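Top line first, the protein sequences correspond to chains A and B.
Residues 1 to 114 (the working numbering) make up the first sequence, in order.
Residues 1001 to 1111 (the working numbering) make up the second sequence, in order.
For the record, the hints were derived by calculation from the structure and aren't laboratory data.
Please read all numbers here as calculations on a predicted model, not as lab measurements.
Cβ atoms here follow ideal geometry from the backbone N, Cα and C, with glycine treated the same way.
Possibly wrong hints are sitting among the right ones.
Coverage of chain A stretches by chain B, computed from C-beta distances (three or more under 8 Å per stretch; other residues unrestricted) [to be verified]: (1) 13-22; (2) 71-82.
Taking CB as the label site, the calculated pair distances span [unchecked claim]: (3) Arg110/A / Gln1081/B: 23 to 33 Å; (4) Lys18/A / Asn1053/B: 44 to 54 Å; (5) Lys57/A / Leu1046/B: 20 to 30 Å.
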Amino acid sequence: DVKVTQSSRYLVKRTGEKVFLECVQDMDHENMFWYRQDPGLGLRLIYFSYDVKMKEKGDIPEGYSVSREKKERFSLILESASTNQTSMYLCASLSVSGFADTQYFGPGTRLTVL
Amino acid sequence: GENVEQHPSTLSVQEGDSAVIKCTYSDSASNYFPWYKQELGKGPQLIIDIRSNVGEKKDQRIAVTLNKTAKHFSLHITETQPEDSAVYFCAASIPGNMLTFGGGTRLMVKP
């Protein structure tokens, strides 16, 4: 079974703090993603990476950065957390088969910024 | 870019009844339409998907239909059970592009 793990399930931080969210996958997938999930807005793509040290902006990259030093690990960084970044953050990795692109999600990190 | 709208945002059904969730997409080039189920405290999991060369796909109590002309696709769950209670997301993707997700539907199945 594919496993995507995220370092924290719940996190509480203060405005202005630097926040690191870690994601690890065990299936040697090339592609990894960070989404944020807010009620009524679905999942919105923040950043994705298709290889080590490669990154691409998604739909809402402002206020975030990412790091991919190793294939299995993809980190999301909030340089200076703000209250409007309070959200559920989901990491995913992608398996590309002949007919379908299946994304496997981690359990999520619920971040609260006070 | 692609835009996916999902309705309803909440759906309450009696156990044993059917549930239908509908999504529309904007880009006629989209050709892959997965559905994800997110249970409480977990990440979304793929439950069924369909490609644009197929009009319908079934997997036990779950089915998905696709109308390319109207640019909409639907998830049908028959004989609902309490364990079907979850948030369901539809998504669409254009070849070579990322998935675009709908806003989600909270399904509640009342025993």
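| Quick check: which numbered hints come out false for this structure? | 1 and 2
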